[in-house]
Amino acid sequence: MNNQGKILVIGGGISGVTTAIEASEVGKDVILVEKTPTLGGRVSGFHQYFPKLCPPTCGLEINYKRLRANPHVQVYTNSEVLSVTGDAGEFKVKVRKNPTFVNEKCVACDHCTDVCPSERSNDFNAGMDKTKSIFLPNKMAYPLRYVIDRPTCETGCSKCVDACKYGAIDLEMQVQEFEIEVTSVVVATGWKPYDAKNLTNLGFSSVPNVINNIMMERISSVSGPTKGQILRPSDQKPVETIAFVQCAGSRDENHLPYCSSICCLGSLKHTKYVLEQNPEAKIYIFYIDIRTPGKYEDFVAKVQAEKNVRMIKGKVAKISEGENGNVLVEAEDTHNLTKVHLEVDMIVLATGMESSLRGQEKIAGIELDEYGFVPAELQKIGIFSAGVAKRPVDVNSSIQDSTGMALKAIQTALKN
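Just so we're aligned, residue 110 is where the sequence shown starts under the numbering used here, counting upward by one.
Hints may be right or wrong, so weigh each one.
Cβ-Cβ distance ranges computed for the label pairs, FRET-style [claimed, not checked]:
| hint | residue 1 | residue 2 | range |
| --- | --- | --- | --- |
| 1 | Y367 | H220 | 39 to 49 Å |
| 2 | E281 | T309 | 40 to 50 Å |
| 3 | Q386 | C266 | 35 to 45 Å |
| 4 | I490 | H220 | 49 to 59 Å |
BS3-like mimics (lysine-lysine), calculated; alpha carbons at most 25 Å apart, straight line [as the list claims (entries may be wrong)]:
| hint | residue 1 | residue 2 |
| --- | --- | --- |
| 5 | K448 | K416 |
| 6 | K422 | K411 |
| 7 | K391 | K411 |
| 8 | K336 | K381 |
| 9 | K381 | K416 |
| 10 | K424 | K381 |
| 11 | K274 | K214 |
| 12 | K391 | K336 |
| 13 | K489 | K203 |
| 14 | K448 | K422 |
| 15 | K248 | K301 |
| 16 | K427 | K448 |
| 17 | K174 | K248 |
| 18 | K381 | K411 |
| 19 | K239 | K301 |
| 20 | K416 | K391 |
| 21 | K471 | K206 |
| 22 | K471 | K144 |
| 23 | K471 | K201 |
| 24 | K268 | K248 |
| 25 | K489 | K517 |
| 26 | K391 | K424 |
| 27 | K144 | K239 |
| 28 | K161 | K411 |
| 29 | K524 | K489 |
| 30 | K411 | K424 |
| 31 | K424 | K448 |
| 32 | K206 | K174 |
| 33 | K381 | K391 |
| 34 | K424 | K306 |
Hints listed in this document are in silico derivations from the structure and should not be mistaken for laboratory results.
Just so we're clear, the structure is a prediction, and the values are computed from it rather than from any experiment.
Ideal placement from N, C-alpha and C gives every residue a C-beta, glycine not left out.
Generate coordinates for the entire structure from the input sequences, incorporating the hints supplied.
Next comes the structure, spelled out in structure tokens:
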């Protein structure tokens, strides 16, 4: 296809995929560029997501099916947009495609992993387990193709090449750079969790049984490191007492001064996960304010009504390690004007949402605010942002926003 007249979507998470599908299904040609080896973004790592509390296999698989059948979408994974120059109707975009060392002949037979002697930290499971150096990004990967993490490979090893019956492994694959022309651009680069290592008083780096909310999602998922069993990391003990610490780094001028909008709902959802596995578990939620407007208020009320759930308004001052792997919590209770001292099996820090672009190499031509987000008012005509690339929002709001941005991109394309 000729690249002229196309819409570029940067980012292949739920927002980027939605934008690409909505624009392409009315006949517009779309180029979708994703930095990692697979589409799906953060949603692909969830156990369940709002509003229906269904697993990501539900919504993502439907979208992947729509992509597979769509001749108007061209997908580049493991690729980065380096720059966007020009004006609406005639943007020139430089793209770098990084090698995966596995080509389109891969049938995901898994024979290569049997012979691979090297391991890497599994970023999909937030580093809580390992994969072989040749790996499938996740069970829902799109494209369903293995990837090699070359820096972790054993020097001089080519056992995977010999094991592959299909000639799918190419250890000589090189970086490619190319330029495309598009009429409009939608930035849907998503988010990353705030680095809890910066919260030194909350013990993330020093106390083994303190995890963040992303780790909690992976522990709860059947595709996660514990096959869906909520076990604490240090000794794989089933969790009987657990505390959730809200606004871990959010609404804090020393970290993220804004509200990330989803953390309260996330912890209430995690509470549901725990109670489903152990109805007698004791759960403590430390919060500043519970922010779950609109239709989610009923969900809050349902969780609050659980007999073993105690919600404590107050900030956590310190988290430290106790005996037998337990975790000690020191906090305030502003309602009762007292201090709280608890001992629990595990603590989950509700870390905030940070722009994926913050701290990364800047995409020339895309303007960021001081927090790394992509506000519409800073962009050239013809450049839009969708979902969390614009501001912290939940999945449902991201999908709605992305549909709107697809329309704006189409309107720009029609004018030029």
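A quick look at each hint next to the structure:
no.	hint	result
1	Y367 / H220: 39 to 49 Å	holds (48 Å)
2	E281 / T309: 40 to 50 Å	holds (45 Å)
3	Q386 / C266: 35 to 45 Å	holds (41 Å)
4	I490 / H220: 49 to 59 Å	holds (51 Å)
5	K448 / K416	holds (22 Å)
6	K422 / K411	holds (18 Å)
7	K391 / K411	holds (16 Å)
8	K336 / K381	holds (17 Å)
9	K381 / K416	holds (13 Å)
10	K424 / K381	holds (22 Å)
11	K274 / K214	holds (10 Å)
12	K391 / K336	holds (22 Å)
13	K489 / K203	holds (17 Å)
14	K448 / K422	holds (11 Å)
15	K248 / K301	holds (21 Å)
16	K427 / K448	holds (12 Å)
17	K174 / K248	holds (15 Å)
18	K381 / K411	holds (10 Å)
19	K239 / K301	holds (20 Å)
20	K416 / K391	holds (9 Å)
21	K471 / K206	holds (17 Å)
22	K471 / K144	holds (14 Å)
23	K471 / K201	holds (16 Å)
24	K268 / K248	holds (23 Å)
25	K489 / K517	holds (13 Å)
26	K391 / K424	holds (19 Å)
27	K144 / K239	holds (21 Å)
28	K161 / K411	holds (15 Å)
29	K524 / K489	holds (15 Å)
30	K411 / K424	holds (23 Å)
31	K424 / K448	holds (10 Å)
32	K206 / K174	holds (24 Å)
33	K381 / K391	holds (12 Å)
34	K424 / K306	holds (18 Å)
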